[in-house]
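Asker: Generate coordinates for the entire structure from the input sequences, incorporating the hints supplied.
Protein sequences appear in the order of chains A and B.
In terms of the numbering used here, the first sequence is residues 1 to 298.
In terms of the numbering used here, the second sequence is residues 1 to 202.
To be clear, the hints were calculated from the coordinates, so they are not data collected in a lab.
Note that the Cβ used here is the ideal one computed from N, Cα and C, for glycine as well.
Please note that the accuracy of each hint is not assured.
Among chain A residues calculated to face chain B with C-beta under 10 Å, some are [as the list claims (entries may be wrong)]:
#1 Gln14
#2 Val119
#3 Arg131
#4 Leu133
This is what each chain is made of:
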Amino acid sequence: MNAPAYNFAYLDEQTKRMIRRAILKAIAIPGYQVPFASREMPMPYGWGTGGVQVTAAILGPQDVLKVIDQGSDDTTNAISIRKFFAKTAGVGTTTATDQATVIQTRHRIPEAALHENQVLVYQVPIPEPLRFLEPRETETRRMHALAEYGLMHVKLYEDIARFGHIATAYAYPVKVNARYVMDPSPTPKFDNPKMDNCPALQLFGAGREKRIYAIPPYTQVVSLDFEDHPFEPYRFNAPCALCGAENSYLDEIVTDDRGSRMFVCSDTDYCEGRQAAGHHGALSAAPYKDKAQGDANG
Amino acid sequence: MTTIAELPPGFADKVLSAQSTFRSVMDAMARPGSVQRIVPMAGTAGSMMRGTAAIALTLFDHDTPLWLDARMSESSDVLKWLKFHTGAPVVQDTSIASFALISHGDALPPLERFALGTNEYPDRSTTVIIQVDSLDSGRSFELRGPGIDGVATLQASIKPSDLFVCLRRNETLFPRGIDLVLVADDAVVAIPRTTRIVNKGG
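Answerer: As structure tokens, this is what we get:
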């Protein structure tokens with residue numbers, strides 16, 4: 001009766017072996033999407049089944065797991081995945097980026113610099129960067145084989161022709177180790193420079209599309225661009241309303257139905273760390289709020 | 001005749017030992033040239049080192065055709081141990097093997113005979129596991145490539161002595177290629193196909 005009905009970290013050993021072999025090939029061929037026999041997980045597609053399978057295959061009892069969704073540790077997706085592994089693997093969990101050994105992420109890279117003893121696991125919805133340009137898998141596979149990426153440059157060029165700048169704001173295509181064009185998952189392009197020469201290992205899992213790919217540590221990752229239209233990360237031109245950070249990626253939060261809005265750090269751990277260190281922004285809670293808005297409130 | 005009870009054992013704790021071994025191999029593959037240690041112990045058979053045995057238990061199963069060098073394939077102890085603990089089919093044809101086990105580098109066939117993958121599916125290649133004399137003393141090699149912050153130095157005593165010269169073919173083959181895993185007792189070093197090696201001598 002007391003025996004758990006599932007294996008350590010949920011997946012059975014045969015599945016873990018299959019995923020582990022795919023991870024090793026993914027690391028050996030940076031940016032190449034390795035097919036794997038993705039399993040059904042006890043959560044729907046789109047909730048990070050790919051990332052969860054990669055995490056389950058690498059996680060050990062000594063690991064400390066952090067899970068973020070759009071930078072936040074406190075959203076439904078992040079909490080449920082964190083609890084899933086706390087329950088099935090009994091691992092320690094944390095929200096502090098620097099204390100985690102495995103960080104599973106949906107759509108953000110933490111603001112704090114990653115270090116060598118960390119693995120960043122991305123949840124990927126559509127791993128094929130060429131998919132919206134060429135729907136046939138046989139063709140995109142051949143394009144990767146031949147390193148024929150002209151179509152992607154045409155797409156970026158069409159952005160420029162239509163909008164005057166490259167209008168792709170997230171899932172901005174990158175070239176890994178000067179060979180494979182890769183979808184960095186729907187991270188904002190603000191995060192692209194963090195992938196380049198990163199000390200941590202980066203693993204990508206796409207559950208529905210059954211692909212695993214990787215960027216080894218210290219690997220060149222270049223965002224595609226043109227000489228006269230160089231890649232530029234985008235950020236709202238405002239400080240964080242809670243911690244005053246001028247260099248973090250911001251979420252725009254609508255605060256009423258009359259057009260008021262506030263900008264706050266998308267990385268909650270980074271923002272809370274700064275507030276704990278004494279930084280504050282225009283909309284911080286008291287006593288900072290009194291200082292910043294004393295007259296208006298009085 | 002060997003009964004199952006007489007076979008050297010596998011991992012004491014299958015799940016956590018395989019996880020720990022995998023992390024060592026993953027770290028080795030992600031940081032080429034770095035020497036990782038394999039902690040969990042398992043029984044070994046014949047000329048198989050304990051690191052090799054642990055990797056076999058971690059990565060081999062019925063989905064992974066396995067090629068063995070003459071010394072391993074002639075040892076019924078090794079064959080029985082692998083068959084019982086992993087179930088991996090042993091094949092004669094190097095070009096369809098997922099993994100190759102080389103008990104000693106002298107027995108290494110030309111690397112071109114292994115599966116190199118295709119340009120469409122470069123992952124369908126053989127991972128060659130070679131047992132070597134030492135991964136902490138011997139000649140010095142300079143390694144560059146993904147996973148390495150600048151230059152990594154590997155000191156190793158490796159047979160065949162021209163192994164890394166043969167590996168230069170990886171440069172022109174990429175994304176096809178051969179990924180190597182070198183084992184010396186409980187130490188493991190991986191040389192994925194992206195790594196470029198310069199012999200420093202000494």
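Asker: If any of the earlier hints don't hold here, list their numbers in rising order.
Answerer: Those not satisfied are hints 3, 4.
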